[in-house]
Amino acid sequence: MSAPHIPILRQGRVHKSLDVQTVPKLGTDEAAAEISFACADMIKYDLHKMGTARAALKKFSCQELVEITKKAGEIFLNDALPVGTEGAMQTPEDYVLSLASTSGLPHALIRMNMKRLGGIFADIDTIFRGLTRGLDWAVLDKGYGEQGGAPVSFSATTNELAVILPSNSPAVNALWIPSIAMKVPVLLKPGREEPWTPWRIIQAFIKAGAPAEAFSLYPTQHEGSGIIIRRAGRVMLFGDDSTVKQYENDERIEVHGTGYSKFLIGEDEIDNWEKYIDTIVESVSANSGRSCICTSTIVVPRHGDAIAHAVAKRLAEIKPLAQDDPNAKLSGFANPMFAEWINEAVEKGLRAGGATDVTAEFREGERFHQRDGMNYLQPTLIRVDSFDQELAIREFLFPFASVVECPQAEMLGKIGFSLVVTAVTKDVAWINQLFDCPHIDRLNIGNVPTNRIKWDQPHEGNLFEFLYTRRSFQIADIA
Amino acid sequence: MIFTPTLSGLLSNPPSFYNAKPPNSYPLNCYPMTSDEAKAQLDERVRDMMTWHFSDETGCPFWLDWKKSVGWDPREEVKSYEDIVKFPHFQDEWLRDEKNERFVPNAFKGRPFNVFETGGTTGLPKQRVGWDDYKHDYEQFSHQLSDEFFPKGGNWIMVGPTGPRRLRLAVEHLANYRGGSCYHVDCDPRWVKKVIARKAYEEAERYQAHVMEQAVEIIKHRDIQCIFTTPRLLASIGERISISSHGIKGCFCGGTSMTPEYVRFLQEEVLEDKAQFVPTYGNTLMGLAVSVPEELKANNYSVTYYAPQPRAVLRIVDPEKTEITKGYGEYGRVELTTLTHEFFMPRFLERDEAIRRHPHAKHPWDGVGDVRPFGALTGKVIEGVY
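Chains A and B, in that order, give the protein sequences. For the first sequence, the numbering used here begins at 3 and goes up steadily by one. For the second sequence, the numbering used here begins at 1469 and goes up steadily by one.
A portion of the hints provided could be inaccurate.
As the list claims (entries may be wrong) - For the chain A half of the interface with chain B, some residues (derived, Cβ under 8 Å), not all of them: (1) Ser19; (2) Cys41; (3) Tyr47; (4) Asp143.
These aren't lab readings, by the way, just hints derived from the structure by calculation. Where is the CB? At the ideal position from N, CA and C, for every residue including glycine.
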């Protein structure tokens, strides 16, 4: 199959741009895809017309859209779907190979992410109920109704949910899928190396019966992204701490930033630490350590050295393997420079003192590793002296974590913002303090990996509350 | 029959205080002619300009001093356009560091000059002195415009940089030359650059909205058929009103590089394929390189510009070895040579790169295509991907 041409989708209408860029298969000159690029002003113009896209979705009831979403999930996982503009079809296996060729992700990880996405589609009714706290969907169809005996009315805050997608994580598409059932069209800007997942999800939705107008896809340059961020009614984007800071006061924008997720063991359970090593290793290394929900700091009151050694030994078993190896868990970097920059950041932290790379004694070769034309970073576990060491609270795009000792009573004062905290404890007083802690976004009590999340609860914001606002209303009979 | 209006014949108001009239035998519009005829005309122009700018009676102090410093006489050694490589690249810093009076040809001595500025956001800007060049350039350009889309007698609006810009006077002259009047809405690009440099994008958008409000009001309430503006401002006007529905038939556009996709967007969506889009490439130092708007669609909106030869020449050069002209279809850096009686500027390296294109029947000399900022792409670019 020749490289497909991924066009712009303007409310479902295919637009083949004259500005075309080729995305090569990693490590080769061979084209994996041609991509149409949209100019920024075109996006500006189209944003003015998104009301018609929403009108197309509003013709359906929420119940119908929930059913369409479920059906789309089956199609996404199992069907051959159109790819590009020339009538070619893409089987699920073709999708795995295409995404692997441009992103560097191992096939096994892509399949795992497919399953996760499939779960979002399949559980859409649970997710919808969870995010709306059990709202009768008919309220959104009618505009008003009752919830728990109280009158409620919700109006959409926007005609579109715009998402600036990254190139390195297909699973983040999970965040926008529920928007369709909530009757809000999507406007997606795919990452340069990853047009595959949003394209395939859109095709699955359309085949399942969703109106094509609800889907806009704009591969675009930096300027086009800027227009989307500044002009769209609601925007989801991914970035680092500076991006979070930049938009913290803009209610239109929800930034999914660094997670700084942490695994805590309480005083009451620390002597049983060996029981939790499997969970810690999964928390650090799942999805090649690339998620904001992966653990990046392990906080324990004692046994820090022993825990660091045990986790490091297990992490070192995760090696760069061939992309099609069913055991491959480590992803290469689509942008080879990233691996070098990240490795240098780790080395700089080690040179500062007070930190030891415990994985160094277990792994084969250096942290930075090249294989099959791609750059890899081998998993790394750092034992740090204190929270003050610069690697104590860091998050990188590979399996990386630090182990720091800290008395339980001081932990909540030291950990800072944490997207996910798993706290292994039965100490009710401490559990109450954890629930009361304002800088923990998601809390797991017990032996739960930080990377296992339930989508029917808010994740870095509640999608329903982002897309809808509650209004007061009264209806009186007219004489 | 060769159309050869003369310089004096096209001047609207030949000044009475013209101290030394330049020879008036140079045709402004020379087509249809062959490439050989165009080349012969250019070579003749080069020889005449050497005589003009390097003779004590007519040349300016800057070039006369330069001649003394290098120890060779361009009048003897520069006999054709190919010989122009004997000059070093003109440095635009000279237009800031030298006094403007040093660029006044002795032939123009005593005649007050216009000062036109180029670029610059801080400090002393680069300045070019001039008298009638802008009139010649825009009168010549006027003859390229379609009367259907730029009706004679129609009024114009200019939405763009005015202030010390040559463009301000030039567009008004163009409108007047075609029998119309010109409305103006100013946009200060130096301020916009500063605002964007500090990433105050919202402030930049507010400023743009301020400019747009003025432009839209005039377009709505005055009888206007032609517009000059930049691509971005055109798109911004089109966001607010249907440009063609408000009577505008022709849009003359210049200012920034445009990808074929963007040109298509402007023609088909912003102008709704009802008004004609005329892209141009130019600056204060050159004049106006024109495109062939009626062929845009057939060329997949890839724009080729042709310099106003023989008054100015564009050459696509190897950036590493600028004496070498790139092959047709290859990208290279844009080199400009200006050859007017008012201003001689050899081999100025523009901050743009472009594809060298074949001569066109209407403009039988090399064109420059798909202009973009120099170094925009480091990889090898092959023409034809569009």
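Now the hints, each set against the structure:
no.	hint	result
1	Ser19	holds, 5 Å
2	Cys41	holds, 5 Å
3	Tyr47	holds, 6 Å
4	Asp143	violated, 33 Å
This entry does not satisfy hint 4, going by the numbered hints stated previously; all others are met.
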